[in-house]
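Both chains are given apart, each in its own frame, so use the hints to dock them into the complex.
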Amino acid sequence: MRTVLTQAALLVAAVGAGTGPALAAGLPQLDASKYPSMVIWLAISFAVLYVLMARVALPRIARVLEERQDRIDDNLGKAASLKAEAETAAEAYEKALADARDQAQEILHETSQRLATTAAKRHAEVAERLTGEIEAAEERIARAKQEALSHVGEMAAGVVGEATAKLLGEAPDEKSVSAALMSTLKGRG
Amino acid sequence: MAGPLKQFEVNALVPVELGGVDASFTNASLFMVIAVLAITFFLTVSMRRRSLVPGRWQSLAELSYEFIAGMVRDNVGSEGRRYFPFVFSLFMFILFGNMIGLIPYSFTPTSHIIVTFAMAIFVFVGVTIVAIIRHRLHFLSFFLPPGVPVVMAPILIPIEILSYLSRPVSLSIRLFANMMAGHTMLKVFAGFVVPLGIIGGWAPLAVDVALTGFEFLVAFLQAYVFTILTCLYLNDAIHLH
Numbered sequence: 001m002r003t004v005l006t007q008a009a010l011l012v013a014a015v016g017a018g019t020g021p022a023l024a025a026g027l028p029q030l031d032a033s034k035y036p037s038m039v040i041w042l043a044i045s046f047a048v049l050y051v052l053m054a055r056v057a058l059p060r061i062a063r064v065l066e067e068r069q070d071r072i073d074d075n076l077g078k079a080a081s082l083k084a085e086a087e088t089a090a091e092a093y094e095k096a097l098a099d100a101r102d103q104a105q106e107i108l109h110e111t112s113q114r115l116a117t118t119a120a121k122r123h124a125e126v127a128e129r130l131t132g133e134i135e136a137a138e139e140r141i142a143r144a145k146q147e148a149l150s151h152v153g154e155m156a157a158g159v160v161g162e163a164t165a166k167l168l169g170e171a172p173d174e175k176s177v178s179a180a181l182m183s184t185l186k187g188r189g
Numbered sequence: 190m191a192g193p194l195k196q197f198e199v200n201a202l203v204p205v206e207l208g209g210v211d212a213s214f215t216n217a218s219l220f221m222v223i224a225v226l227a228i229t230f231f232l233t234v235s236m237r238r239r240s241l242v243p244g245r246w247q248s249l250a251e252l253s254y255e256f257i258a259g260m261v262r263d264n265v266g267s268e269g270r271r272y273f274p275f276v277f278s279l280f281m282f283i284l285f286g287n288m289i290g291l292i293p294y295s296f297t298p299t300s301h302i303i304v305t306f307a308m309a310i311f312v313f314v315g316v317t318i319v320a321i322i323r324h325r326l327h328f329l330s331f332f333l334p335p336g337v338p339v340v341m342a343p344i345l346i347p348i349e350i351l352s353y354l355s356r357p358v359s360l361s362i363r364l365f366a367n368m369m370a371g372h373t374m375l376k377v378f379a380g381f382v383v384p385l386g387i388i389g390g391w392a393p394l395a396v397d398v399a400l401t402g403f404e405f406l407v408a409f410l411q412a413y414v415f416t417i418l419t420c421l422y423l424n425d426a427i428h429l430h
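Respectively, the protein sequence lines represent chains A and B. Just so you know, we're using this note's numbering here: the first sequence kicks off at 1 and counts up by one. Just so you know, we're using this note's numbering here: the second sequence kicks off at 190 and counts up by one.
Here chain B stands alone, though its shape is the one from the complex (with noise of 0.2 Å):
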């Protein structure tokens, strides 16, 4: 039987090699290919009828819009329209990629560092580069709350530096493990199911099915808060402070 850590693994479905990079076409792709897929179709196949009075598709989809750009306009205000789309487009990645993973037998790209980091990495960069083009110099401000006093100075800028550079971390690091956890757990599980035969399967079998459904809350959940968290380093860095 398959271990609990097979489910992460990565295996070229069409190899590719771009000048000396391996850039395969592989199962992870393929479940984030899956995933813009499944969005689009989602979002535009629900909007075809544009009805005054939404359907439950439809309804979905306005609800999705609405509740990211509730979110963007609460934490980040009326400068924050610019960005709606991609924390939009942000929000509905990590959700469909959380959501398809939990289907068995499917691939989970959230559940892998690298994804989760490459994504932290770029909201980190993107919004240091947005408070650097409005702030320039000022931006150094971040890093010296107002108010402290000048003597606190030397303690105080490296802590707020190196809490600073610990966003992208602390950020991929929570999506990565809690979706590797959850998915491990599963199939932990899962593993004893049939050892324990007809008798003790039923435990661990019980256990899966509340681990799903606590899975599915983890899965929103955690594509919430990257979201939220986005929004936030947004809002820092366009308001500071």
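Same shape as in the complex, but just chain A (with noise of 0.2 Å):
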């Protein structure tokens, strides 16, 4: 496409300018007298922008890029040690927390433990001691009891034998009236 235009800008050229001198003697680039002064300083130009380029400019940019480029990943270095750094401390402290949950509920264990074995020792020496006293108040008991039944009979007797004594007016002898009672009592059953 290039070509085309370039053959329609030389058409139009022509049209244009007509005879113009630059025409006339064809086109400057075809001058080859003018070539060897192009070359020369083309070559000149060219060494001496190739040496500045490659002695002054292109370290020049190279070294600020690097220095970019390690202060950014000196930075990330940095970034990802603090990252492990924390995660340590992370892991540190969760360890810790473990730590102290297990050791909380060791002494929570421990100690519920102590208190139901010492509630139980007191618990049984309590109903120890209760029985004890349980057992000593029967006992007391039936031995009142058993007192008291034994003088009943005595005193059965002796209302008995006072009792006789108003109807009858004389004291029957001891021997009968306890006779007599027992066996009013076995009657009764």
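Some hints could be false.
Claimed, not checked - Which stretches of chain B does chain A cover? Using the computed rule of at least three CB atoms under 8 Å from a CB of chain A, they are: (1) 202–213; (2) 220–233; (3) 250–257; (4) 267–277; (5) 295–307.
Unchecked claim - Beta-carbon label-pair distances, calculated as ranges: (6) B:Ser355 to A:Ser81: 50 to 60 Å; (7) B:Gly402 to A:Ala43: 29 to 39 Å; (8) A:Asp73 to B:Val414: 28 to 38 Å; (9) A:Ala43 to B:Asn200: 19 to 29 Å.
Read the hints as simulated data drawn from the structure, not as lab findings. This one's a predicted model, so the numbers in the text were calculated from it and none came from an experiment. Cβ atoms here follow ideal geometry from the backbone N, Cα and C, with glycine treated the same way.
Here it is, written out as structure tokens:
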């Protein structure tokens, strides 16, 4: 497309400029007498440019870019190490937390066990003491009952004797009274 | 009024003669020197502060560096590092030559076939020398792609050699023709502005405005094309196929 454009441009140029001096002499680009100076100055300027770029400009830019890259890498490295540190700290914290929880659990367990043992012991003691007291009391009651019961006969005999004395006006002898009492009590059963 | 091709005329500013050869300092030489100075000024002044966080100019300089460094890395590989300063100089020289040429009344060295051809031949010869040093006689296998039946060789080898030899021609003509055509068109349309008067002159002026924008694109694109083709040729020389 560009070659077509070139031809078109040249055509228009020919029409527009008519018999201009440039066209009469042909294209200035084809004037071979200028070639040596063009090539010489191209070589000089390009060589100077190459040396300036290779020795001065490019190393300078490269150094700045490198410094920036180093700085970025450095910061990234620092961030990574800080992150690792934070992770270690978090791990340690987790571990401490778990340990503390375990310890608390243990203490809780131990305490409840100790309390249970103490309570059981006290309970047993109290129960024992109470049983003893109950037994003693029962014994006392039994004894009192026995005593009371053993006096009942005597008292009854006394009462019967006196009642008989009042009724009959004479005191019956004790043996017959108690015998009569016994037979009556037995009859009641 | 000056013809559209007058802008390409080379005039001696300081006549110099070296051993019977005309080495005059011409307007073409002047603009080549200006390009070199502008590049150096741009790259050294913008990097003067060496900021960690770059400013606008420093970004621009770093961007050019990384653009070409990336191009060399992607197209040539790690072996291409040695040639990076050359590729970078080549790109900047063509780019600045093209861009400075767009300033009215300036001169465009890259619109001259002798300049582009000299650069292309330098690249061609340099690349061929690199290939021969690296691969010795193996370099000749470049002209017979692997996997091709032997029967095809008599046809293929001349074609491959011809295409290899036409590299500097296409490389130089592409750049030269683009620059010359663009500048000629700009001048042709500019030449119509005044003769068409205040009523009709606007049309060619508008075309010129559009073309100027287009020419900036072409100026960059052609510098890019020349450089990337150089990279590809270098890659061929280093890796053969």
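Verification of the supplied hints:
1. 202–213: holds (count 6)
2. 220–233: holds (count 8)
3. 250–257: Since 4 is at least three, the answer is holds.
4. 267–277: It holds: at least three residues are needed, and the region 267–277 of chain B offers 4 whose Cβ sits within less than 8 Å of chain A.
5. 295–307: Since three or more residues must qualify, the claim that chain A covers the region 295–307 of chain B holds, with 7 doing so at under 8 Å.
6. B:Ser355 to A:Ser81: 50 to 60 Å: holds, 58 Å
7. B:Gly402 to A:Ala43: 29 to 39 Å: holds, 33 Å
8. A:Asp73 to B:Val414: 28 to 38 Å: holds, 35 Å
9. A:Ala43 to B:Asn200: 19 to 29 Å: Cβ of A:Ala43 to Cβ of B:Asn200: about 20 Å, so the range 19 to 29 Å holds.
Every hint from the earlier list agrees with this structure, and none is contradicted.
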